[in-house]
Amino acid sequence: MPIRQLSETMINKIAAGEVIERPASVVKELVENALDAGASRVEIVTSGGGLNLIRVTDDGSGIPERELALAIARHCTSKLTEDINDIRSLGFRGEALPSIGSVSRLSIRSRTAASDSAAEIGIEGGRVLPVRPAAANRGTTVEVRDLFFATPARLKFMKGERAESSATSDVVKRIAIAFPAVRFTLAGSDRSTLELPAADDSAEGSLRRVAQVMGADFPDNSIALDAMRDGVHLTGHVSIPSFTRANALQQYAYVNGRPVRDKLIAGAIRGAYADVLPRDRHAVTVLFLTLDPAIVDVNVHPAKADVRFRDPGLVRGLIVGAIRQALADAGVRAATTGAAGMMAAFRPGAASYGHGGPANGHRSYDAAYRASGPSGFDPARSPQRPLDMGFDGAGLEQRGLRESGQAAFDAGPLASADARAGQDEAAETLLGAVLGAARAQVHENYIVAQTRDSLIIVDQHAAHERLVYEALKNALHSRPVPSQMLLLPEIIDLPEEDAERLALHSETLARFGLGIERFGPGAVAVRETPSMLGEANVQQLVRDLADEIAENDTVDTLKERLDKIAATMACHGSVRSGRLLKAEEMNALLRQMEATPGSGTCNHGRPTYIELKLADIERLFGRR
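Per the UniProt record's numbering, the sequence shown starts with residue 1, numbered consecutively.
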């Protein structure tokens, strides 16, 4: 078959296959056009999941009548100068409108502020209709009917009406977060109306818009970010570790105001939360990256959802470092949703759930009680010592606990009323602390503490597990990791580029106990491995490291393996469920939690404590 020039209609249909994947793609392109036109109000109406009708109305600058024909022509745009490296608008390719018009019945009605009347142009399956006069207010209305009628094969790949409507809602919410000063309305016969009132561009206004989209619980369970490194500015909010979701759909990322779904950013978020979340849970985040347009490429795909950074290591490092620093600075915090669940459990008629034993599953409460006896903790009968990880007597004496509370400690974990009276005076000074003063231990597993305005319930095993883990990590990373010399070096054949990358990171790997050096072209020799790994699969470890360095320019794989071993050691070395604790030990645990970053969750991502406000308790009893 001879080479021939494709028709303009065919070219637009091919482009539509990349730009217009589903109705949500149409809404995205049209809403972005409205925002680029300076709209302060955007209204979207859909029908049939967007396949029957999509109408987007804005109050932007409008399109002059003489430019309507150009607006629907391929590669015609008002948003791009001759410098492709200086893109400051959401759209810039000039492909959306002709692509949509080639697979649907499209009409554009627009009026500028300087015009006395509006004008309208239409396209039906790629056939352009003449411009005609119309009546309209200032702004633009784009109406898309019978989407994909010109390409029936694409209709077979559409999901149900509800799924398409949901995808459209997600697109609108994702864009709306970045533009809090714009009012968005999404309505139609196929959905319930979504109203997002305009706020302002301040930090408070942005947080209000985030709450409108992500729920009122998020602001109360989030931490603000504000960090900068080498010209890249990161702002936004991230959830505390005890506030999570089952998927990553609630992770929003923006680059210069553009919503993106970038694997590098998603990987950085996972890395930042690696120590505090289980693998099946995901953080809730809203991240805004602001940087020079010249150092980020948004022209990767026609859908403009992917970006490429000139220095991906810088961006990843900034995100991971900022989130970890924010989590550390936030101290110990419990999710407000935990209290809500607790309130629901206390209400009359709430479902009850059986508890088969302690959370760690090592031994039953009865067995633990028999081992310790009713008179309190006895080292001779327990497999482990009391809570002695950094809980020295000097620190307790400074808080006035040891002497004044000795009688209560001698009386056992559940002290008598007389002994409690002496303890209360000493504990009064601790009521202002974040986790308050320990009052009792119930079911030999849960510490009940009191603050000035709340009740705290702590899972003693989960809490101490986090404390031991953090101590092990600090010891592990504050000095070079001990290594063991291999009797015979392990020679590993690799592609030349992988071997070169590993050699460049050899000094960092040596700090983690892995001794690597080049061994001729396309090979490395491993002479030492971290002692903690024991009999490790060196071949697989080195190949995994090479893959990660190629993708992210980091050696986190090795660090994560060492941290996982530390987590296992912490789990087995922590105070067990079923251990009777004295009041001194319980208070020492609470104080150590307050001083340890990330102590709101255990190593497996479960919450270590729940806080119930006094006002909530009073509501349970009908006093408010």
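Treat the hints as calculated values from the structure; they're not laboratory data.
Errors might be hidden in some of the hints.
[As the list claims (entries may be wrong)] Quick list of simulated restraints, FRET-style, between CB atoms: (1) 114 - 73: 14 to 24 Å; (2) 518 - 10: 18 to 28 Å; (3) 517 - 162: 36 to 46 Å.
[Unchecked claim] DSSO-like mimics (lysine-lysine), calculated; alpha carbons at most 27 Å apart, straight line: (4) 613 - 473; (5) 79 - 173; (6) 473 - 559; (7) 159 - 173.
Here a beta-carbon is modelled for each residue, glycine too, at the ideal position from N, C-alpha and C.
Now the hints, each set against the structure:
1. Roughly 23 Å separates the CB atoms of residue 114 and residue 73, a value that falls within the hinted 14 to 24 Å.
2. Judged by the Cβ atoms, the range 18 to 28 Å given for residue 518 and residue 10 is violated: they are separated by roughly 53 Å.
3. Hint check: residue 517 to residue 162, Cβ distance near 58 Å, so the stated range 36 to 46 Å is violated.
4. For the proposed pair residue 613 and residue 473, the alpha carbon gap of about 33 Å is over 27 Å, so the pair is violated.
5. Under the criterion of a C-alpha separation no larger than 27 Å, the hint pairing residue 79 with residue 173 is consistent with the structure, at around 24 Å.
6. The straight-line distance between the Cα atoms of residue 473 and residue 559 is roughly 10 Å, inside the 27 Å bound, and the hint therefore holds.
7. Annotation: proposed proximity of residue 159 to residue 173 holds, straight-line Cα distance about 20 Å (limit 27 Å).
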